[in-house]
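Make the full structure from the sequences, and use the hints.
Sequential numbering from 847 applies to the sequence shown in the working numbering.
Among the hints, erroneous ones may be present.
[To be verified] Computed cross-link-like contacts, PhoX-like style, restricted to lysine-lysine with a CA-CA straight-line distance of at most 20 Å:
id, residue 1, residue 2
1, K1031, K970
2, K995, K970
3, K995, K1031
[To be verified] Label pairs and their in silico Cβ distance ranges:
id, residue 1, residue 2, range
4, E1026, R883, 52 to 62 Å
5, P948, Y925, 38 to 48 Å
6, D958, L1041, 12 to 22 Å
Simulated from the structure, these hints should not be mistaken for laboratory data.
From the three backbone atoms N, C-alpha and C, an ideal C-beta is built for every residue, glycine too.
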Amino acid sequence: MEQEAFLDLDEFNESEINLDEPPRSAIHYLQQVAVSRKRCPQVVKASLDPSLLSNKPSSSEFNKQELSTVNAPTREWAYAKCDEFSWNRTLLQARRAKYEKPAGVVFPGWADYGRWRLFCLGEKEDESVRMNKESGEGTNEQCNVKPSKYGHMPTPAIVMNLSENEVNSLIQHLVQVFLEEGYSKQLFLWLYSVL
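See below:
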């Protein structure tokens, strides 16, 4: 079954198309492709030397060649980076050892989005309460809404006692809060501290 042409190239003289020259336009390129396709044989025959063929799996005879290391860094650079990483890790562990976990602070499970949100940012404020606070009108009692509880501040003692998994998941949770609720000072304090 012949495939229908996607783009009509009109009538053109195939003998005038030179496949060795660069195309002059998009239509000329498509004409070159059409001519080269017509000139290709339908069946390709390869002549293979039977002595090279064997029943052995080719993977057993495969010799691994050395990979090209043209763009690879030097060994000295790699060792220097490893030493630098090790030194920075040691410094971080020493700094973490200075801070004891604050009493009464319980970290939520690292995958618990809701509890991390409460831990860092506190309860969500009602929109009308926030508007009244900003404009200076009314009080919380008039709106019949409890005052919001603020979350923990990102103190060094809290941040330095977070595990790597907790930091990674906390960053994801804080970004999710930003996408859902937008900017808040407390949110950006936490993001800056954990990053």
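Hints versus structure:
no.	hint	verdict
1	K1031 x K970	holds, 14 Å
2	K995 x K970	holds, 8 Å
3	K995 x K1031	holds, 15 Å
4	E1026 x R883: 52 to 62 Å	holds, 54 Å
5	P948 x Y925: 38 to 48 Å	holds, 39 Å
6	D958 x L1041: 12 to 22 Å	holds, 21 Å
Figure legend: structure checked against the earlier numbered hints; every hint is met.
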